[in-house]
Amino acid sequence: MSTDLHNFVAEIRACQLCKADMERPPKPILQVSNTARILIAGQAPGNLAMESGRPFTDPSGVRLRDWLNVDEKTFYDASKVAIVPMGFCFPGYDKNGGDIPPMKRCAETWRQPLLDRMSNIGLTVLIGGYAQKWHIGDQMEKTLTATVQKWQSFLDQGVIVTPHPSWRNNAWLKRNPWFETDLLPELRKRVRSLLS
4 MSTDLHNFVA EIRACQLCKA DMERPPKPIL QVSNTARILI AGQAPGNLAM ESGRPFTDPS
64 GVRLRDWLNV DEKTFYDASK VAIVPMGFCF PGYDKNGGDI PPMKRCAETW RQPLLDRMSN
124 IGLTVLIGGY AQKWHIGDQM EKTLTATVQK WQSFLDQGVI VTPHPSWRNN AWLKRNPWFE
184 TDLLPELRKR VRSLLS
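So the numbering used here is basically just the index in the sequence shown, starting at one, shifted up by 3.
FYI, nobody ran anything at the bench for these hints, they're computed from the structure.
Cβ coordinates follow ideal geometry from the N, Cα and C atoms, glycine included.
No farther apart than 30 Å at their CA atoms in a straight line, the calculated lysine-lysine pairs in the DSSO-like style are these:
id, residue 1, residue 2
1, K192, K76
2, K30, K107
3, K145, K177
4, K98, K177
5, K83, K153
6, K192, K177
7, K145, K98
8, K192, K153
9, K136, K153
10, K107, K22
11, K192, K136
12, K30, K76
13, K98, K22
14, K83, K192
15, K107, K136
16, K107, K83
17, K136, K98
18, K145, K107
19, K177, K153
Okay, the calculated beta carbon distance ranges per label pair:
id, residue 1, residue 2, range
20, N173, A149, 13 to 21 Å
21, Y96, E75, 22 to 30 Å
22, T38, N72, 15 to 23 Å
23, E26, L176, 29 to 37 Å
24, N123, Y96, 31 to 39 Å
25, D69, S199, 18 to 26 Å
26, D97, E54, 16 to 24 Å
27, E26, K153, 32 to 40 Å
Whenever a hint applies, use it, and build me the whole structure from the sequences.
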C-alpha cells in the first residue's frame, strides 16, 4: 500500500464523525490497497462484520464469494480485492430489525478521495441501491430489479450491478433466474480474468 493511501486509510479508521448518531462507537471497516483490481461497493458492514472487524463475515459474504467464484483467502486479499462500503460502520437496526441506511456523511467525506487513490480497479461490483445510486446515479432505473436487469449496459464502465447477497433477497433471486444464468457467468469471467 502506498504511503499516501496508508495514511488516508489510517484517517478513515480513526473517524468519529458519526459518533453522536450511532448506537455503538464507530469502527470503520474497509479493505483496500493500490493494487486491488476488483472493488466491492456495498451498503455498510453488518453486525457480524462489526464484531469481527472484517467485511462480509456472515452468510451474505458466503453467497457473495460464490457469486464471484472466489475462495475466502482470495476475497480477503486486499492486494486483489478492495471492499469499500458506502458507510464504513455498522449503522444499527431500524424498528423492524433491518439495518438502517449507511450514514451519508461517510461517503460525502471519504469516498471519492479514497477511490482516487485506487487507480488499478478494473471491475466495480455495485451491491444494492445505495452503492448504485452513488456510482451510476442517473443511469439507474426506478427499481433495483430494473437496474440489475440492464446490467449489460454498465459493462463498458467496468461495472456490474447486483442485489445484496442477503438471505432477505432469496425470493428476488427465485423470481429473477436470469441473474444466475446470465449475469453471474459474466461476473465470474471478469473476476477470473482480473485475478489471473
